[in-house]
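Undergrad: The lines below spell out each chain.
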Amino acid sequence: MPELCGIELAHPVINASGTYDAIAARKVFGDELLEAFPFSAFVSKTITPEPRAGNAPQRIWETPAGMINSIGLPNKGLEGFLVQDLPQLAELPVPLIVSVMATGRSEFARLVEAVAAREEVAAVELNVSCPNVHSGLIVGEQPAETEALLETLRPLTQKPLIVKLTPNIASPDAVAVAAEAGGADAVSLINTLKASAIDPATGAPALAAGHGGLSGPAVRPIALQQLRAVRAAVELPLIGMGGISSGADAAEFLAAGAALVAVGTESFRDPRAGSRIAKELETAMSGAPARVRALDLQ
Amino acid sequence: MSAPFGRRLCEVAENAASGGYRIFSLLDREGPAPAPGQFYMLASERSWGEGGGRPFLPRAISVAETAPAKEGVRLDFLVEGVGPGTDRLCELEAGEGVWVTGPLGNSFSTPKEVNPDAAGAILVGGGIGIAPLAIWRRHLVERGIPLRVLLGFRNQEHSGGLDELFCSGDTLCPDVRLASEDGHAGHQGYVTDLLATMLAGDDATSAVVYSCGPPAMLEAVRILCAEHGIACDLALESPMACGFGACFGCAVPKVDGGYMRLCVDGPVVRGDAIAEVAHA
Numbered sequence: 001m002p003e004l005c006g007i008e009l010a011h012p013v014i015n016a017s018g019t020y021d022a023i024a025a026r027k028v029f030g031d032e033l034l035e036a037f038p039f040s041a042f043v044s045k046t047i048t049p050e051p052r053a054g055n056a057p058q059r060i061w062e063t064p065a066g067m068i069n070s071i072g073l074p075n076k077g078l079e080g081f082l083v084q085d086l087p088q089l090a091e092l093p094v095p096l097i098v099s100v101m102a103t104g105r106s107e108f109a110r111l112v113e114a115v116a117a118r119e120e121v122a123a124v125e126l127n128v129s130c131p132n133v134h135s136g137l138i139v140g141e142q143p144a145e146t147e148a149l150l151e152t153l154r155p156l157t158q159k160p161l162i163v164k165l166t167p168n169i170a171s172p173d174a175v176a177v178a179a180e181a182g183g184a185d186a187v188s189l190i191n192t193l194k195a196s197a198i199d200p201a202t203g204a205p206a207l208a209a210g211h212g213g214l215s216g217p218a219v220r221p222i223a224l225q226q227l228r229a230v231r232a233a234v235e236l237p238l239i240g241m242g243g244i245s246s247g248a249d250a251a252e253f254l255a256a257g258a259a260l261v262a263v264g265t266e267s268f269r270d271p272r273a274g275s276r277i278a279k280e281l282e283t284a285m286s287g288a289p290a291r292v293r294a295l296d297l298q
Numbered sequence: 001m002s003a004p005f006g007r008r009l010c011e012v013a014e015n016a017a018s019g020g021y022r023i024f025s026l027l028d029r030e031g032p033a034p035a036p037g038q039f040y041m042l043a044s045e046r047s048w049g050e051g052g053g054r055p056f057l058p059r060a061i062s063v064a065e066t067a068p069a070k071e072g073v074r075l076d077f078l079v080e081g082v083g084p085g086t087d088r089l090c091e092l093e094a095g096e097g098v099w100v101t102g103p104l105g106n107s108f109s110t111p112k113e114v115n116p117d118a119a120g121a122i123l124v125g126g127g128i129g130i131a132p133l134a135i136w137r138r139h140l141v142e143r144g145i146p147l148r149v150l151l152g153f154r155n156q157e158h159s160g161g162l163d164e165l166f167c168s169g170d171t172l173c174p175d176v177r178l179a180s181e182d183g184h185a186g187h188q189g190y191v192t193d194l195l196a197t198m199l200a201g202d203d204a205t206s207a208v209v210y211s212c213g214p215p216a217m218l219e220a221v222r223i224l225c226a227e228h229g230i231a232c233d234l235a236l237e238s239p240m241a242c243g244f245g246a247c248f249g250c251a252v253p254k255v256d257g258g259y260m261r262l263c264v265d266g267p268v269v270r271g272d273a274i275a276e277v278a279h280a
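Protein sequences appear in the order of chains V and H. The first sequence lines up with residues 1 to 298 when you count with the numbering used here. The second sequence lines up with residues 1 to 280 when you count with the numbering used here.
Just chain H, same shape as in the assembly (with noise of 0.2 Å):
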C-alpha cells in the first residue's frame, strides 16, 4: 500500500521515559498500519529548523509498534537523543504536532518468503535498533511461527524499550534473552555471543535471522549468517534527507557493484545483498 502524498500533521499522544530511550506516540489519523521494518520521517511542528539553525532535516525513525486508535492507528517511536533531531523529538510534549511522511519504505518478510525451508525466526536487535523488532515479534507470535528474541544493550544508560515492547504482563516475553556489555542484564558481552552459539546448536539452522542495531553489530550478524549458510533480514540505517527516493543521499552499496537507496530498496536488506555493513 502506498503512503498518502506529503507530509501530514500528526498529534503526540504521549511521550514518556524508557530506561535512557524514550518512547513517543503520534496519532494517524490518515495513514494506513505500517509493516513491520518501515519507517516514517518526523519533524516536529515547532522548534524544527525554525530561525534558521538545526534540526533542518526531517529524521527517519522506524516504527517500533502500532495499533489502531479511535481515528485512525496510533504509532509508536522508540527513541535516544543523539543529536539536535532526536533531542527534539525526545523532547516532544502531549498535544504538540508532528510532521509525519510515511509509513516508507519495505518491511521484512515472513521466514518462508526468504526461504521456504525455514520453520522460525530469530531475531537479533541492539540498542535502539530494537525497535522494528518489536512490531516484528508481534506480527510472528499472531502468526504462530516460532520465533527466538536476543537483544543486546551497551549498559543500563543506553537501553529501554524492553518493558514496553518486549514484556507481557510484567515480565519479560519467555523467548527474549538478553546481553549487555557491561552485565547490568543477562550475558555479559555482545548479543552476537548468544547468536553465535544458538547458531551451533542444531535447531537454529533452518531459522532466518531479522536484525537491527549498531553497524558493527549488523556486519558481524551477516558474516555469522553466512558463515552458517543462513539467511538474514538486516535493517539498515543510512543519513537520508527525504525519505522517498528524491535524495540519493541514503546509498548502500550493492554486492554485485553500485548503489541501492536505502529509503525505496530498503531500508530491510536480505545480508547476500550487501558485501558489508559499513562500520567505522
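Excised from the complex, chain V in its bound form (with noise of 0.2 Å):
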C-alpha cells in the first residue's frame, strides 16, 4: 500500500492543488462523490492568511492538448477556511493535505500552525511560488528562500511539509536540495509553467492577468524531466504531476522515482479522472509489459 510520511492511502493518485474543489463537487454531484471519491488524498486549493477574490475575468485559455489559467488563488482566508471550509473537507473518506501560502516567514508561520493544529489536516503543502514582501524575491526560485523559510516552519509541527516546486527556474533541484536541508518531509512538482496567449481576435494578451501557468498533456515531458533531476538530487519522496492524464502516464512518473503522483487538468475533462487512472495504473504495473516502442513515432 502506498505511502506518504507515514500517511496510508489507498493507491498512489491524489490531486493537484487548486484543480478540485471538493466542497463544489459535492454539490454538483451529491454524495456520489464520496462513495467513490477519486483520489487517495485530497490537497486543498491554496489558503493565504486573508481572503482573496482571484483575479479579473479572462481566466483560462485553452491551448494545444492544455490550457493556461491566472486565477489568482481565490479563497477565503485563513479563518474563513477554518471555519467554513475545512469541517467539509473533514468528511471527505480520505487524508487531508492542506496548501498554504503567504508572502512573509512570519504570515506562513501563522499559517501553518493554526493549519497543522487541526487534528483533520494529515499534512501541509507550502506553495513557495509567491514573492516575498521583504526581499522581493519568489521563494521558490530562492535555494536560499526555500531553506530559510523551512527552517523558519519546520519547528512549528510535526506533521508532513510538503514543498510545492515552481518549474519556472533553470534548477528545480538546487530548491529541492534546499527544501530537504531546511527539514522538508516531501517535495511536489511541477507547479504550472509560465506561459501567454494572444486572443487572435484582439492581437491582445488572452488572459486579463497578461501571463498565466500552463498545465496539461503539454507539459509532461518537462514535468518528467524536472522529477528526474529532483529525484537524482535528493532523498526525499516526490510527489510528481504534470499533464497525467492515463495510467501509463502515471507509470512513467513512478518509473522516474516519484512516491505518488497528482492529476490536475485531466479532472476537468474527466471529474473520474483520479480514480480512473489508479484503475489504469493498477493494471498497467500488474499485467503483461506494455507493447515496447522503440520510437514512439508511429
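Calculated directly from the structure, the hints in this document are not laboratory data. For each residue, glycine too, the CB sits at the ideal point set by N, CA and C. Any given hint could be a false lead.
[To be verified] Listing some non-contacts, in silico: residues in chain H with all C-beta distances to chain V over 12 Å:
{"hint": "1", "residue": "P4"}
{"hint": "2", "residue": "F5"}
{"hint": "3", "residue": "E11"}
{"hint": "4", "residue": "A67"}
{"hint": "5", "residue": "P68"}
{"hint": "6", "residue": "G95"}
{"hint": "7", "residue": "D170"}
{"hint": "8", "residue": "L172"}
{"hint": "9", "residue": "P174"}
{"hint": "10", "residue": "D175"}
{"hint": "11", "residue": "G186"}
{"hint": "12", "residue": "T205"}
{"hint": "13", "residue": "A216"}
[Stated by the list, open to error] Subject to a maximum C-alpha distance of 30 Å in a straight line, what follows is the list of computed DSS-like cross-link-like pairs (lysine-lysine):
{"hint": "14", "chain 1": "H", "residue 1": "K112", "chain 2": "V", "residue 2": "K27"}
{"hint": "15", "chain 1": "H", "residue 1": "K254", "chain 2": "V", "residue 2": "K27"}
{"hint": "16", "chain 1": "H", "residue 1": "K254", "chain 2": "H", "residue 2": "K112"}
{"hint": "17", "chain 1": "H", "residue 1": "K254", "chain 2": "V", "residue 2": "K76"}
[To be verified] Chain V side only, calculated, beta carbon under 10 Å to chain H, not exhaustive:
{"hint": "18", "residue": "G54"}
{"hint": "19", "residue": "Q58"}
{"hint": "20", "residue": "A273"}
Assembly of the complex is requested from the two constituent chains, each provided in isolation within its own frame, with the hints serving as guidance.
TA: Given below as C-alpha cells:
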C-alpha cells in the first residue's frame, strides 16, 4: 500500500492543489462523490492569510493539449477556511493535505501553525511560488529563501511539510536540495509553467492578468525531466505531476522516481479521472509488459 | 437533483442542419432530465484532443430541449461551429459516442419565484442563445404561464433552430416575434428594439424577462430591465474548463464585489446580481 511520510493511502493518485473543489463537487454530484472519491488524499486549494477574490476574467485559455490559467488563488482566507471549509473537507473519506501560501515568513508561520494544529489535517503543502514581501524574490525560485522558510516552519509542527516546486527556473533540483536541508518531508512538482496566449480576435493578451500557468499533457515531458533531476538530487519522497491523464502516464512518473502522482487538468475533462488513472495504473503495473516502442513516432 | 458523478458516454441519435446551426441529439441512459437553463460539458469520444491538439477541454453547452426516450432521456443541443470544439460537435454522426457530464448549473426561476406580483414572462433570445429559452418556453406553456418570445438573429447565415424549437406544426408559435439585423425575418434591427417597445407598454411591467444571447445583447437587456424596474434572469456564458466548480475559470464579477463561478452559481444569474454583462 502506498504511503507518504507515514500516511497510508489506498492508491498512489492524489489531486494537484487548486484543481478540484471537493465542496463544490459534492453540491454538484451529491454524496456519490464521497462513495467514489477519485483521490487517495485530498489537497486543498491554496489558503492565504486573508481572503482573496482572485483575478479578473479572462482566467483560462485552451491551448494545444492543455490550458493556461491565471486564477489568482481565490480563497476565503485562513479564518474562513478553518470555520467554513475545513469541517466540510473533514467529511471526505481520505487524508487531507492543506496547501498554504503567504508573502512573509511570519505570515507563513501563522498559517502552518493554525492549519497543522487541526487534527483533520494530515499534512501541509507549502506553495512557495510567491514573492517574499521583504526581499521581493519569489521564494521557490531561490534555494536560500526556500531553506530559510523551511527553517522557520519546521519547528512549528511534526506533521509532514511538502514543498511544491516551481518549474520556472533553470535548476529546480537546487531548490529541492534546499528544501531537504531546511527540513521538508516531501517535494511535489511541477507547478504550472509560465505561459501566455494572444487572443487572435484582439491581438492582445488573452488572459486579463497578461500571463498564466500552462498545464495539461503539453507539459508532461518537461515535468518528467524535472522530476528526474530532482530525484537525482534528494532523498525525499516526491509527488510527481504535470499533464498526467492516464495510467500509462502515471507509470512513467513512478518509474522516474515519484512516490505518488497528482492529477490536475485531466479532472476538468473527467471528474473521475483520479480513480480511472489509479485503476489503469494497477492494470499497467500488474499486467503484461507494455508494448515496446523503439520510437514513439507511429 | 444532483448530476451523476463523472462523465458518461452517450450515443448521438441524430445531427441535422438547422439554418446556419446544427441540432444534435444524444441518448442519455443514466442522467436525470435537465431543468431549463442547465448545461452539459460535452466532448466527442473520438477526435477530441487526440494526438495532442485542440479541442482539449470539453465544451459547456446549454440544453435546448429534452424528452423521455425509450431508455433514459433524449438531450437536444443547438450548436454553431465557431471554433475547434463546436466545429467537432457540428460534425457528430449518429451512432458515435459523446462524453457527457451533467446536467450542471442552476435553472430559470418561474415568474412568481422571481417576483410574487409577476403575471407572465418575456423571453428574449439572440442567435445561438435561443437554445435554453426553447426548453424554458415549453415548461412555461405547460404550466399555463402567459409569455411572449422575442428572438433575434444577425443574418440568415447566423440563424437556425426556429423550426425545430419554436414552431407548433409548420408555423412559428403565435407567441414568438422575430428580429434580424439584415431584415431577412421580422423586424429589421435588434431584438432589444422589440423588448424596448414591449416594456414601454403598460402590460409588460408585471412580467419577468428571461434572456440568453451574445453578451452585448444581454447587457442591453439588463439595462432595459433595470430602467423599467423589471426583474430579469440572464443565462450567461463564460470560458469554462470543468463545469463543476473545480477550475475557477468561469469567474463573473458580482455587483457587491468579488466573483461568482458561473458553473455552480449560474449559468442563470439575476440581472441585479451583476454589475454588467462584460462584452467587447
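Undergrad: Non-interface claim for P174 (chain H): all C-beta distances to chain V beyond 12 Å?
TA: 38 Å, holds
Undergrad: Against the 30 Å threshold, does the CA-CA distance of K112 (chain H) and K27 (chain V) hold or violate the hint?
TA: Since the Cα atoms of K112 (chain H) and K27 (chain V) sit roughly 26 Å apart, the hinted pair holds (cutoff 30 Å).
Undergrad: Over 12 Å to the closest beta carbon of chain V is the bar; see if L172 (chain H) clears it.
TA: 33 Å, holds
Undergrad: Just checking, T205 (chain H) versus chain V, shortest CB gap more than 12 Å?
TA: Per Cβ check, T205 (chain H) is outside 12 Å of chain V; nearest 34 Å; holds.
Undergrad: Going by Cβ atoms only, is Q58 (chain V) closer than 10 Å to chain H?
TA: 6 Å, holds
Undergrad: Take a quick look at G95 (chain H) and tell me if its Cβ sits farther than 12 Å from every Cβ on chain V, holds or violated.
TA: Per Cβ check, G95 (chain H) is outside 12 Å of chain V; nearest 22 Å; holds.
Undergrad: The output says D175 (chain H) does not contact chain V. Does that hold with a beta carbon cutoff of 12 Å?
TA: Nearest chain V Cβ is 34 Å from D175 (chain H), so the label holds.
Undergrad: Is it correct that the beta-carbon of A67 (chain H) has no partner in chain V closer than or equal to 12 Å?
TA: Non-interface label stands for A67 (chain H): nearest chain V Cβ at 24 Å, farther than 12 Å.
Undergrad: With the threshold set at 30 Å, check whether the alpha-carbon distance from K254 (chain H) to K76 (chain V) stays at or below it.
TA: 16 Å, holds
Undergrad: Please confirm whether D170 (chain H) is truly not at the interface, meaning its C-beta sits more than 12 Å away from all C-beta atoms of chain V.
TA: Label holds. Min Cβ-Cβ 39 Å, cutoff 12 Å.
Undergrad: Quick one, are K254 (chain H) and K112 (chain H) close enough, alpha carbons at most 30 Å?
TA: 24 Å, holds
Undergrad: Does the no-contact call for A216 (chain H) survive, Cβ to all of chain V over 12 Å?
TA: 14 Å, holds
Figure legend: structure checked against the earlier numbered hints; hints not met, in rising order: 1 and 2.
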